[in-house]
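S.K.: Please put together the full structure from these sequences, using the hints given.
In the working numbering, the protein residues as written are 1 to 70.
Note that these hints are calculated values from the structure, not bench results. In this text the structure is predicted, and so the values were computed from the model without any measurement. Yeah, the Cβ is synthetic: ideal placement off N, Cα and C, and Gly gets one too. Incorrect hints may have been included.
[To be verified] DSBU-like cross-link-like pairs, simulated, lysine-lysine; straight-line CA separation at most 35 angstroms:
| id | residue 1 | residue 2 |
| --- | --- | --- |
| 1 | Lys16 | Lys60 |
| 2 | Lys61 | Lys16 |
| 3 | Lys20 | Lys4 |
| 4 | Lys20 | Lys30 |
| 5 | Lys20 | Lys60 |
| 6 | Lys61 | Lys30 |
| 7 | Lys4 | Lys30 |
| 8 | Lys4 | Lys61 |
| 9 | Lys16 | Lys4 |
[What the hints assert, rightly or not] Derived DEER-like restraints, expressed as beta-carbon distance ranges:
| id | residue 1 | residue 2 | range |
| --- | --- | --- | --- |
| 10 | Gly10 | Gln45 | 30 to 38 angstroms |
| 11 | Lys60 | Leu39 | 13 to 21 angstroms |
| 12 | Thr46 | Leu11 | 27 to 35 angstroms |
| 13 | Lys16 | Phe52 | 16 to 24 angstroms |
| 14 | Gly10 | Pro54 | 13 to 21 angstroms |
| 15 | Thr5 | Asn26 | 16 to 24 angstroms |
| 16 | Ala50 | Asn26 | 27 to 35 angstroms |
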Amino acid sequence: MADKTIYDLGLHESTKIVSKLGTQSNVEYKVTRVPGGWLYSTVAQTGRAAVFVPYNDEFKKIQTPGEVFK
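M.R.: Quick look at the structure:
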């Protein structure tokens, strides 16, 4: 089974995204689907941070040729 994208997540379901920033170590984000968008959160030595990202289908891949976004 392929990994889920953020668009495939159910309400309150989460996935992990690992991002490498320059020469720094990997940064790991927990992405949770919430009403109206996603909650991106990370934990670092300095504390925990979270940000709400509103839903946007700009980067959603079309699943079928007939699928139309409104």
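S.K.: All the hints need checking, so say for each whether the structure fits it.
M.R.: Status of the hints after comparison with the structure:
no.: 1; hint: Lys16 x Lys60; result: holds (18 angstroms)
no.: 2; hint: Lys61 x Lys16; result: holds (19 angstroms)
no.: 3; hint: Lys20 x Lys4; result: holds (20 angstroms)
no.: 4; hint: Lys20 x Lys30; result: holds (15 angstroms)
no.: 5; hint: Lys20 x Lys60; result: holds (22 angstroms)
no.: 6; hint: Lys61 x Lys30; result: holds (21 angstroms)
no.: 7; hint: Lys4 x Lys30; result: holds (13 angstroms)
no.: 8; hint: Lys4 x Lys61; result: holds (12 angstroms)
no.: 9; hint: Lys16 x Lys4; result: holds (10 angstroms)
no.: 10; hint: Gly10 x Gln45: 30 to 38 angstroms; result: holds (32 angstroms)
no.: 11; hint: Lys60 x Leu39: 13 to 21 angstroms; result: holds (18 angstroms)
no.: 12; hint: Thr46 x Leu11: 27 to 35 angstroms; result: holds (30 angstroms)
no.: 13; hint: Lys16 x Phe52: 16 to 24 angstroms; result: holds (18 angstroms)
no.: 14; hint: Gly10 x Pro54: 13 to 21 angstroms; result: holds (18 angstroms)
no.: 15; hint: Thr5 x Asn26: 16 to 24 angstroms; result: holds (19 angstroms)
no.: 16; hint: Ala50 x Asn26: 27 to 35 angstroms; result: violated (18 angstroms)
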